[in-house]
Amino acid sequence: MATILIVDDSATSRLLFKAHMPKDRPFQVVEADDLHSALQKGTAHQPDLVFLDYNMPEKNGTDIAHALREAGLDAAFFLLTANTQESVLEAAEAAGIQGILEKPITAEKIQDVLQDSGV
Amino acid sequence: MQEQEQAIRSAFAAEARERLAKARGELDAIPGNAALDRLHQEFDSLHGAARAVNCRNLERLSRAAAEFARWLRREPGRPTPAHVELLQQGITLMEHAAGVRDGCEREDLEADILHCLGMIRDKTERGTFGRGE
Chain H
1178 MATILIVDDS ATSRLLFKAH MPKDRPFQVV EADDLHSALQ KGTAHQPDLV
1228 FLDYNMPEKN GTDIAHALRE AGLDAAFFLL TANTQESVLE AAEAAGIQGI
1278 LEKPITAEKI QDVLQDSGV
Chain V
9 MQEQEQAIRS AFAAEARERL AKARGELDAI PGNAALDRLH QEFDSLHGAA
59 RAVNCRNLER LSRAAAEFAR WLRREPGRPT PAHVELLQQG ITLMEHAAGV
109 RDGCEREDLE ADILHCLGMI RDKTERGTFG RGE
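So the protein lines, in turn, are chains H and V. Counting from 1178, one number per residue, gives the positions in the first sequence under the working numbering. Counting from 9, one number per residue, gives the positions in the second sequence under the working numbering.
Just chain H, same shape as in the assembly (with noise of 0.2 Å):
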């Protein structure tokens, strides 16, 4: 079963999210709030796949794709974002993010997504 982390420190775009995953296979979906909780969550679940919000107090969520890498994990990430301006795709890349979900997020996007990465 695969393990996805979502990071995100809207508790209603979590469980939207959790809301708009497929229902046809079993998925373990672990949650995080900000840099702290996604480090922690991370390394004790070692998920395949990382959503990442990228407008989160105190740290977005590329500089937290840049402390989960550091930490050790071996993920695909993906950023969930309403801003695509060039600098934030630039940070983006930076930070290894293999793909951007623009917001809102629909099941549509996500499937896409796991998808794509054979999840």
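These are calculated hints, taken from the structure and not from any lab test. Take every hint as true, because none was put in to throw you off.
The list that follows gives simulated cross-link-like pairs (lysine to aspartate or glutamate, EDC-like), each with its CA atoms no further than 16 Å apart:
hint, chain 1, residue 1, chain 2, residue 2
1, V, Lys30, V, Asp52
2, H, Lys1280, V, Glu67
3, H, Lys1200, H, Asp1289
4, H, Lys1236, H, Glu1247
5, H, Lys1195, V, Glu11
6, H, Lys1236, H, Asp1210
7, H, Lys1195, H, Asp1210
8, H, Lys1195, V, Glu13
9, H, Lys1236, V, Asp45
10, H, Lys1195, H, Glu1208
11, V, Lys30, V, Asp45
12, V, Lys30, V, Glu103
13, H, Lys1280, V, Asp52
14, H, Lys1236, H, Asp1211
15, H, Lys1200, H, Glu1285
Following the hints, put chain V in place on chain H, whose structure we already have.
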């Protein structure tokens, strides 16, 4: 499915209440740059959540409030007490618009929402607020 939608709606209302309480707390005094950054963050996150659950009333207000906070952050000598009062009024309206039962669909808020959006637009586009007041 209805149960799931209800859970999402309840989570959204709780999140909105929490973010608006934090925003209100930042306005206990005239906010400095750091507080304006936090206000922008709260309103922007609220906008994202409102958009995700299609809460149109709150979506419009929180977006305008986020842009207003960012504008205030850039403008020297802002905010004035009048700006703070407008933000407080906006937060009160957002609290109504985030009501757990029917805030997102409340049509009776429309006039107040348009008035608030108009005030914010007037201040940011014309830059009239705070000058000579």
